[in-house]
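Could you put the whole structure together from the sequences, leaning on the hints where they help?
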Amino acid sequence: MHLDIEDVRETVQKIIDLFNQKGSAEYVGEDVSVYEHMVICAHLALSKGYNNEIVISALLHDIGHLLESEEQMNGFGNVNHELLGAQFLKAHGFSKLVIDAVSYHVAAKRYLCAIDKYYYELLSNASKETLKMQGGKMNLIETQFFENLPNYKEILLVRKMDDLAKEAEMEFYPIEFYSTMLEEHLFNKLR
1 MHLDIEDVRE
11 TVQKIIDLFN
21 QKGSAEYVGE
31 DVSVYEHMVI
41 CAHLALSKGY
51 NNEIVISALL
61 HDIGHLLESE
71 EQMNGFGNVN
81 HELLGAQFLK
91 AHGFSKLVID
101 AVSYHVAAKR
111 YLCAIDKYYY
121 ELLSNASKET
131 LKMQGGKMNL
141 IETQFFENLP
151 NYKEILLVRK
161 MDDLAKEAEM
171 EFYPIEFYST
181 MLEEHLFNKL
191 R
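The sequence shown maps to residues 1 to 191 in this note's numbering.
Just so you know, the hints here were simulated from the structure itself, not pulled from any lab data.
Take the hints with a grain of salt, since some may be wrong.
The following label-pair restraints were derived from C-beta to C-beta distances [to be verified]: (1) 144 to 122: 21 to 27 Å; (2) 4 to 169: 37 to 43 Å; (3) 51 to 80: 24 to 30 Å; (4) 47 to 115: 22 to 28 Å; (5) 6 to 115: 43 to 49 Å.
27 Å max Cα-Cα, derived DSSO-like pairs, lysine-lysine [stated by the list, open to error]: (6) 96 to 137; (7) 137 to 160; (8) 132 to 22; (9) 90 to 189; (10) 128 to 153.
Glycine is no exception: its CB is placed at the ideal position from the N, C-alpha and C atoms.
Here it is as structure tokens:
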């Protein structure tokens, strides 16, 4: 895939437009919209001092909910939204870490439920409900596979911020705040 500077700017604008046009949808079962959830997640990553790839991963982890899909999870968003999002990001030139964090953030929830008996209790009711639809907690073979993913620790960081970013009164920057960071991330892939 060959990207040029104009492609990068178009990609970033497409993402901003997706957030602004489709992000106002209710993040079902939570006190925030899909837009608010994702920008709060990015703000948490930024405030913790994580690198830009983690911040971008946090920002875009649920972008699959903003994409068109015919398969729905009983009112809880797109089935396989993580895979839809990862495919979109791969097609637009994002790094492997960002793609992996988006692709595996649902698996990370299943993993954490399998290895930490207290983690499940920390999940929101909506996350508990979607966990059932997403395969429940992982079995031993699945946990071993997950632990061998090259970016597994970073994926877990994004997942933990995902779990925290569900309260309406949390601070956040608008999606436009991240446009330069997104452009720089994609420009670096051009080199």
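Now for the hints, and whether the structure bears them out:
{"no.": "1", "hint": "144 to 122: 21 to 27 Å", "in the structure": "holds, 24 Å"}
{"no.": "2", "hint": "4 to 169: 37 to 43 Å", "in the structure": "holds, 42 Å"}
{"no.": "3", "hint": "51 to 80: 24 to 30 Å", "in the structure": "holds, 27 Å"}
{"no.": "4", "hint": "47 to 115: 22 to 28 Å", "in the structure": "holds, 26 Å"}
{"no.": "5", "hint": "6 to 115: 43 to 49 Å", "in the structure": "holds, 45 Å"}
{"no.": "6", "hint": "96 to 137", "in the structure": "holds, 25 Å"}
{"no.": "7", "hint": "137 to 160", "in the structure": "holds, 16 Å"}
{"no.": "8", "hint": "132 to 22", "in the structure": "holds, 26 Å"}
{"no.": "9", "hint": "90 to 189", "in the structure": "holds, 12 Å"}
{"no.": "10", "hint": "128 to 153", "in the structure": "holds, 22 Å"}
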